[in-house]
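Visitor: Here is what each chain is made of, one letter per residue.
2 protein chains.
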Amino acid sequence: MEKINTLEKLNNMGKDMVGQIKKGHSPYFTTPLRSRGNIKFDKEEGVLKLGKKDEKRTFANVGQARKFMQTMAIAAKCKKFVEEELHTSIRGLYYQLKFSLGENLEEDLFSEQSESNPLIEDLEVALDVKREDFNLSTDRKGFVAGDMLIEDTFGGEKTVIDCGKQGRSGWSIPSDVDNGMKIKELNADYVLVVEKDAMWQRLNEDKYWKKQNCLLITPKGQASRGTRRLLRKLADKKLPIYVFTDCDAWGWYIYWAIKTGSMNLAYLGTEIAVPEARFIGVTMKDISDFDFLSKLTIKAKPVDIKRASEMIDYPWINRHKEWVNELKTVLRTKQKLEQDALQGPRLTFVGEYLAKKIANNDFLP
Amino acid sequence: MEKINTLEKLNNMGKDMVGQIKKGHSPYFTTPLRSRGNIKFDKEEGVLKLGKKDEKRTFANVGQARKFMQTMAIAAKCKKFVEEELHTSIRGLYYQLKFSLGENLEEDLFSEQSESNPLIEDLEVALDVKREDFNLSTDRKGFVAGDMLIEDTFGGEKTVIDCGKQGRSGWSIPSDVDNGMKIKELNADYVLVVEKDAMWQRLNEDKYWKKQNCLLITPKGQASRGTRRLLRKLADKKLPIYVFTDCDAWGWYIYWAIKTGSMNLAYLGTEIAVPEARFIGVTMKDISDFDFLSKLTIKAKPVDIKRASEMIDYPWINRHKEWVNELKTVLRTKQKLEQDALQGPRLTFVGEYLAKKIANNDFLP
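From first to last, the protein sequence lines stand for chains H and L. Following numbering that gives the first Met the number 0, the numbering of the first sequence begins with 0 at its first residue and continues without gaps. Following numbering that gives the first Met the number 0, the numbering of the second sequence begins with 0 at its first residue and continues without gaps.
Don't read these hints as lab results, they were simulated from the structure.
Which copy? The list can't say, so a pair holds if one copy fits it or any two copies do.
In the SDA-like style, the derived pairs of lysine to any residue whose C-alpha atoms are separated by at most 25 angstroms in a straight line are: (1) Lys164 - Gly179; (2) Lys209 - Gly179; (3) Lys157 - Asn186; (4) Lys66 - Pro344.
My request is simple: use the sequences and hints to build the entire structure.
Guide: This is the structure we're talking about:
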């Protein structure tokens, strides 16, 4: 999203409001409903999205006046941040609002930050703009190693970062990988997404990315918005995206959130989902292919069992019979398997496992 | 700690055991007691340390045989990792042990990873070596921006990383900042440690480190072992270390853990503590110096009140009357203050605040 476009949208929203007021109407705007009932799985695209239901936010409504006013105050602050070309967190936004609204009003509008978060989402969906485009930073998490040059224009300076020359640390994926940031050069055959940072470090030490000519990425658990956007951009460049997690509730969640998007970010839809992603492992099926794993399984926790049975009911999962088989095995054996178990025979085994599965196209959909 | 030294220590431990067995004795080793009763505050050095109490771990003792055997198995694996020059996490270690001990023994020695952690600590203190020297990686966290070149030798390759050319991301502080890593060049007048990553990003965008010729570091909350070691190394280079956190239970904890070390890492003593550190803010005193802050305070939570009254009783804190005053103000007003509040009047205010306090040497001890 370009800054001009974001500013224009914010300006137009303001003009709309003024126009409505001048005509003697109560100002209002409409925003797609984000509740569960309006979240749909788009079969064609393979992505969780919002449906067609809208909500109207209006000033002249006792139940909505306060929130309406808050949303307009947020929009005004975001406009200022974009014009100033300065970024802050929603905590920083909260204090700016508290500072400027606090003394002119009878009560503190933003006594709790939790009030401002859904209002920012309102603005994001109403204007079809991401909060990153409002210069609001989100929690960053995740690292990259591989043959990729990133051009980062930040605080008025341009830097080129070589993700192949970051030693043991890797390049930290920022909150915003769109504005002022581009992939300048990229030389990789695929992207490997590794759930755990410690496993990423293990593979980085083995120079897995160099030997396999791939990009090695860890989301460090659940993928941040920035990491999901980066994966989307890499998939747009036609790189296959392989995801490597534990075989348990948390690992599956990480994979499916990357692939189809997640309920709470369904409003970002295709911007943040990577339906092209494939699941490389670890799987219950691996146990029959790699004998030693049978003694390295762990008893599944109640949350794993509960999650597995829920997942079998999701239409976007149970349309894949491979996943149904996988989840049924978990439910039957009540066992789970961690990616770390592949270090059992020798520390370097995990790279051999991955290279073999990739060579054999041995993935779950 | 050099690798040779670590290997030598592991070898000597093994030889000791064999010697004892050959003499017909039950093998044993001694290790300093790590329980609360043996943690002392060293007034001279200003650091939490272990006292003189030792414990004996012996094989011929029904209550200790199992743990003794586990510890020896861990020592053997760590020796292998160091010789192979490969790193792993304690989760990787756990699976290596499960793999090699699992089939020869009646029961799984390491059915739970929680069993192995205290045993690794036993080895660390018994041999006076850090787990990082055993090639065991710990959770990494924290970022640096500033004029510093890091030489990182990793996986057989040497890379030089310029912490001043990392754009919006910064250099990610790794688990181990000692082995295969050195500070090649450093040009800074002081180190600023900023509790929150979002605030670090704010200051990085303002190029605070360039304007002030300092190193800008965020531990991202509680400082990791790697971040504390890096701060120790920077303090050894005679750079002043200023810590900037929230004025609340969590912020104070972050500061005091950096300064004196923490209870659970007291066994690392001076290796990981930075008694030279000073607290820059935010403080209750700031409210009288910066008027607008009085309307940006928040009601303290019960945990903040509880922590403040506990801290007043710690001898290493209440010997500083400035801290006693600060904590008494919190207890009296029942208010807290976040570092983000400094963004209230304008986003760039936080840098002005910091520069002013540093110019005036306005710190808590």
